[in-house]
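Using the sequences and the hints, build the whole thing.
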Amino acid sequence: MNQKEFLESLVCPLTGTALTIAEDGKSLKSEDGTIYEVGDTGIVNMLYPKELLPEDAREQYLYDQAFLRYDKGVSWVFETLNHSDEASTRQFFIDLMELKPGMKALEVGAGTGNDSSLILDRVRPGGTAVLSDLSPNMLKLAQEKLSTEEVNVHYFLGNGSYLPFPDDTFDAVFHFGGINTFSERKRAFAELTRVVRPGGKVVVGDESIAPWLRNTPTYATLLKANPLFRAEVPLEDVPANIENFKLHYVFGNAFYVMEYRVTAKAPEVDIDLPIPGKDFVDNWRLRAEKAVD
Numbered sequence: 021m022n023q024k025e026f027l028e029s030l031v032c033p034l035t036g037t038a039l040t041i042a043e044d045g046k047s048l049k050s051e052d053g054t055i056y057e058v059g060d061t062g063i064v065n066m067l068y069p070k071e072l073l074p075e076d077a078r079e080q081y082l083y084d085q086a087f088l089r090y091d092k093g094v095s096w097v098f099e100t101l102n103h104s105d106e107a108s109t110r111q112f113f114i115d116l117m118e119l120k121p122g123m124k125a126l127e128v129g130a131g132t133g134n135d136s137s138l139i140l141d142r143v144r145p146g147g148t149a150v151l152s153d154l155s156p157n158m159l160k161l162a163q164e165k166l167s168t169e170e171v172n173v174h175y176f177l178g179n180g181s182y183l184p185f186p187d188d189t190f191d192a193v194f195h196f197g198g199i200n201t202f203s204e205r206k207r208a209f210a211e212l213t214r215v216v217r218p219g220g221k222v223v224v225g226d227e228s229i230a231p232w233l234r235n236t237p238t239y240a241t242l243l244k245a246n247p248l249f250r251a252e253v254p255l256e257d258v259p260a261n262i263e264n265f266k267l268h269y270v271f272g273n274a275f276y277v278m279e280y281r282v283t284a285k286a287p288e289v290d291i292d293l294p295i296p297g298k299d300f301v302d303n304w305r306l307r308a309e310k311a312v313d
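Numbering (the numbering used here), first residue to last: 21 to 313.
Simulated from the structure, these hints should not be mistaken for laboratory data.
Careful: at least some of the hints might be erroneous.
Each computed BS3-like pair below joins lysine-lysine, with the alpha-carbon atoms no more than 25 Å apart [to be verified]:
#1 K285 x K124
#2 K244 x K92
#3 K160 x K49
All values reported here derive from a predicted model rather than from experimental measurement.
Here it is as structure tokens:
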């Protein structure tokens, strides 16, 4: 997928309708007249809404200010968490995506590209990696760091709750480290799932100290020092059309990583299937009606 094909693949992040590409390839326009600009290095500004909600705007500002010191700070955090092996842990949750050469992957919240480089390694040769972030400075740094040899890489500024792609676009989607602070988290989970083809993988993670550690001395200190670790795993936000859900705790059991496979439709209970038994007519619906009575 070259840059022109990438631009042609983008849709309105709100309505999913087609965008019109300017003749010079420097901008895209939605049906309502909204303009999405293409930067000089090819990074497309697909942020929606243009005026971010307060929590998202705050996170964008913080990351834009911290981009040069971000990697060092994150590595320090992981080192404090039971002296975790950052490199092998990152390998672990990228492995969960089950990527192969030639596949198409999306990373939401790519940051400075630490996980992105592993994604690129999995899909090369011939694959496509699309990397996004809220922060222009973080994404520019990732673009400068990453090698594009034998792989197609495209970048866009975007809000994970409004993804500018049609349904079933990617083989896998990855996000780590920010979803707990998303202003519209449930919508973000729906979007991350929507853009993955049935059978593809979604891998998402963020801070959340495992319940069995929260009252231990050092973890109790961490909870007081950094409120982000108080977050609960957002199980209630996971969409219904999934299967093979698994939850892992990583980095000293202070971060969670969930993985699941996308299905074409949500599972259902056959509440009318008769319960087997001689001369016995019963099912879940009848039992429910009797319970109400």
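Which of the stated hints cannot be reconciled with the structure, identified by number in ascending sequence? none
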